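Construct the complete structure from the given sequences, taking the supplied hints into account.
In case you want the letters, here they are:
2 protein chains.
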Amino acid sequence: MKINTDPKKVDEVLSRGVEDVIVKEHLRKEMLSGKELKIYLGTDPTGGELHLGHAVIHKKLRDFQELGHKVTLLVGDFTVLVGDHSDKDDQRIELVKSQIEENMKEYKEQFGKTVDLSKVNLVYNSSWLKKLDFNDVIDLAKIFTLSQMVERDAIQKRLKEEKPVGFDELLYPLMQGFDALELKTDIQIGGSDQLFNMQAGRKIMEHYGVKPQDIITVKLLIGNDGRKMGKSLKNYIPIRSSAFDMYSGLMTIVDEAIIEYFTLLTRVLQEEISEMVKAMGEGSVNPKDLKSKLAFEVTKSFNGEKEAREAEEKFKKVVSKGEVPEDITEIELGDVGKPDSKGKIHLTTLEILVASKLNQSRSEARRMIQQGGFEINGEKITDPNQIVELKKDDVIRSGKRGFVKII
Amino acid sequence: MKINTDPKKVDEVLSRGVEDVIVKEHLRKEMLSGKELKIYLGTDPTGGELHLGHAVIHKKLRDFQELGHKVTLLVGDFTVLVGDHSDKDDQRIELVKSQIEENMKEYKEQFGKTVDLSKVNLVYNSSWLKKLDFNDVIDLAKIFTLSQMVERDAIQKRLKEEKPVGFDELLYPLMQGFDALELKTDIQIGGSDQLFNMQAGRKIMEHYGVKPQDIITVKLLIGNDGRKMGKSLKNYIPIRSSAFDMYSGLMTIVDEAIIEYFTLLTRVLQEEISEMVKAMGEGSVNPKDLKSKLAFEVTKSFNGEKEAREAEEKFKKVVSKGEVPEDITEIELGDVGKPDSKGKIHLTTLEILVASKLNQSRSEARRMIQQGGFEINGEKITDPNQIVELKKDDVIRSGKRGFVKII
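Chains as they are written, first to last, in full-length UniProt numbering: chain A, 1 to 407; chain B, 1 to 407.
No lab work stands behind these hints, which were simulated from the structure alone.
Some hints here could point you the wrong way.
[Claimed, not checked] Stretch by stretch, here's where chain A covers chain B in the computed footprint (C-beta under 8 Å, at least three residues): (1) 149 to 157; (2) 160 to 169; (3) 389 to 397.
If you're wondering where the values come from, they're calculated on a predicted model, not measured in any experiment.
Glycine is no exception: its CB is placed at the ideal position from the N, C-alpha and C atoms.
Structure representation (C-alpha cells):
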C-alpha cells in the first residue's frame with residue numbers, strides 16, 4: 001500500500017485527540033518521508049469490556065492504518081502467564097493460556113470495531129520475556145538510576161502520603177521497555193499514564209543502539225460526570241453497547257464535552273467542527289442538536305448506519321420528549337416472561353403492566369391502559385388485550401411518572 | 001560428630017567478635033538443643049587477596065565447625081557468569097567459568113588456613129539463579145515495598161548527597177535473599193554491610209513458609225590507621241603474608257587495638273584476655289609485650305608455630321632495635337641476582353651493597369663494610385668478600401640510615 005504523506009493529513013493525525021508526541025518533529029518527518037512505519041499498542045490480556053475512552057486510541061491507530069502504516073498489537077501475556085515461581089506446572093500454564101486466548105478473542109471483537117484487524121500484527125510478549133533471566137533484569141536495571149525510577153508523580157505522590165509502593169511496580173517499566181526494544185517499532189501509542197513506561201522503552205532502545213521509538217499519548221475522554229471515563233468510576237459507555245444504549249449514553253454528556261467527543265471519537269472534518277464551535281459560541285445552534293449528531297456519528301461508527309438510525313428514531317420517540325427519567329427503573333426481560341429464540345416475548349399490554357409491577361393491581365392497570373396512560377416506546381395503546389412484542393431496550397410507560405426499561 | 005552444647009562455649013561463640021545476632025535467643029536455643037546446624041557464608045568469586053579482616057568471619061566459622069556444625073560456602077558466581085543479555089555465547093561462559101575456578105582455588109587456599117575445608121559444603125548460586133525468569137524476579141520484588149528497599153542508610157546517604165544509586169543495586173538483595181531461600185540453612189554469617197541482604201533472606205524465607213535463618217554479623221577489624229581494614233585503604237595484612245610480614249604488620253597496630261585483635265583473631269582464653277585488660281589498666285604490663293604475644297599467636301595460626309617462632313626471632317633481632325624505619329625501601333630479590341631453586345642468592349657483602357644501591361660506589365660500599373656499617377638481619381659482617389645467603393624478607397643495612405628489605 002502506498003503511504004499517504006499529505007502534510008495536512010499527517011498534521012491532523014499528529015494533533016487530533018493527541019496529548020503529546022515525543023519527538024514530534026522527528027515523527028512528522030518520518031511520516032512525510034513515505035516510509036511505512038510500525039506503530040504498536042500494548043494491552044493486558046485480562047479481558048472484559050472496553051469503553052469509548054479506549055476507542056480514542058483505536059481511532060488513532062485506524063488513522064495510521066488509513067495512511068498506510070502498520071499496526072502491531074502487543075499482548076502482555078507474560079506476567080499473567082506465570083503467577084509465582086513455585087507454581088509453574090504445565091497444567092496451570094495451559095489453563096491460563098486458554099483463558100488468555102478467550103480474553104483476546106473478546107478484546108479483538110471490540111478492538112476490531114475501529115481497527116482493521118486483517119492488517120494488525122498480533123504478538124505476545126511471553127515469546128521474548130520468558131527467555132530473560134535474573135542477570136538480564138539486572139542489566140536492564142543498570143540503565144536507570146533509582147531516582148529516575150521514582151521521580152514520577154505517580155510514585156512521589158504515594159511516597160509523600162506514606163502509602164506503600166510495591167517494589168515490583170518499579171520493575172514493570174523495565175519489562176515494558178524491553179518489549180519496545182524487542183519490537184523495534186517506530187512508534188508506541190498509549191494513554192498518558194503509560195508515558196513513563198514508553199519513555200523507558202526509548203531509553204533502553206538507545207542504550208542498546210536501536211533507533212528509539214517515537215511516542216504518542218492520546219487525550220483522555222471525560223465521562224458524563226466530568227471525570228476520566230473509566231470502569232472503576234462506572235461513568236463509561238462500553239464499545240459493545242447496543243446502538244440504543246450507546247446513543248442514549250452519548251446524549252447524557254455535558255454540552256461542554258460535545259466538541260471534544262467530536263474530535264476524539266469521530267472523524268467529522270475539522271472544518272465542520274470549527275463551525276460547530278463558532279455556532280455554539282454565537283448561540284446560533286442548539287447544543288442538543290449537535291449532541292444528536294454526535295450520538296448518531298459515534299453510534300454509526302460502532303454499530304453501523306442502520307442501527308444508529310433506528311436508535312436515533314427510538315430515542316427521539318421515547319426519550320427526547322423529556323419525560324423519561326435518567327434513572328429509569330430497569331427490569332430484566334427474563335423476569336417478565338420467557339423470551340423466544342429471537343429474544344422476544346409476546347404479551348398483552350395488561351400482562352406487561354402487571355409483570356413490570358408498574359401498577360398495584362390488574363384492575364388499576366386495566367383502567368390505566370383504557371384511559372390512555374400506557375405507552376411502549378412512546379406508542380400509545382389503549383386496548384388491555386392487545387398483544388405486543390416486548391424485547392430488550394423497550395421502554396414501558398404507565399401514567400405520568402411510571403417508567404421501566406427492559407434490559 | 002556429636003554436637004558440643006556446653007552453654008559457656010555456645011555463649012562465647014555467640015559473642016566473641018560478634019556484632020549482632022538476629023534472633024539471638026532463638027539461635028542460642030538451637031545451639032543448646034544438640035541439633036546439627038548449617039551456617040553459610042556467601043562470597044564473590046572475584047579472586048584476589050583476603051586479609052585479617054576477612055579472617056574474623058573465618059574464625060567464627062571455625063568455631064561452629066568445632067562445635068560440630070556444618071559450614072556452607074556459597075559462591076556467588078551467577079552475576080559474574082553472564083555480563084549482559086547480548087553476550088551469552090558459550091565460549092565466553094566457558095572462559096568466565098575457568099576464571100571462577102581459578103579464583104576459587106585461590107580463595108580456598110586462604111579460607112582453608114582457618115576453616116577445615118574437608119568439612120565445607122561448596123555451592124554455586126548459578127545452579128538455582130539461572131533458572132529464575134523475569135516473573136520470578138517480580139514475585140520476589142512483591143515481598144518488599146519501595147520504602148523497605150531504600151530506607152537503608154547506605155542508600156539514603158547517597159540520595160541525600162544526590163549521588164546516583166544504580167537501580168540494579170536494589171535488585172541484589174532479592175538475589176541474595178533467594179540464595180538464602182534456596183539453601184535453607186539455619187544461620188547466615190557476614191559483615192554488618194551485609195545485614196540488609198541477610199534480612200532480605202529472612203523475609204523471603206518467611207514469605208515462602210520456610211524457617212527464617214538466624215543472622216550473625218561479625219565485628220570489623222581496624223587497620224593500623226584506625227580505619228576499617230580494607231583493600232582500598234591499603235591498611236591491611238594479607239592472610240597469605242609471609243610469617244615475618246604478618247608478624248611485623250601486627251607489631252604496627254596501635255596499643256588500643258591489642259585486646260580487640262586478641263578477641264577477634266585468636267582463641268586465647270577469654271579469662272586470659274580479661275587479665276591482659278586488667279594488667280594494661282594497672283600499667284603492670286608493657287603493651288609491646290602483649291603485642292608480641294598477639295603477633296606470635298596470629299602468625300602461628302596462619303603460618304604454623306615454627307615459622308611464627310622464626311619470624312619473632314628475626315623481628316626481635318632486626319626490627320625491635322627500633323632502627324629500621326617503617327617505610328623501609330623494598331627491592332625485589334630478582335633485581336639483585338638470579339635466585340636458585342630454593343629462592344636464594346649467594347653474593348659477597350660488597351656485591352649486595354652495590355646491587356641494592358645503598359652506596360654510590362664500590363669503594364664507598366667497601367669502606368662502609370670494613371668500618372662495621374654493614375648488617376644483614378641485624379648481624380654485622382665486616383669482610384667485603386664474605387659470601388652470604390640472600391633471600392626474601394632479609395633486611396640489609398648500610399650505615400646509620402641506609403636500609404633495604406628484600407621482597
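Against the structure, the hints:
1. 149 to 157: Satisfied; 3 residues make the cut.
2. 160 to 169: holds (count 6)
3. 389 to 397: Per the Cβ count (0), the hint is violated.
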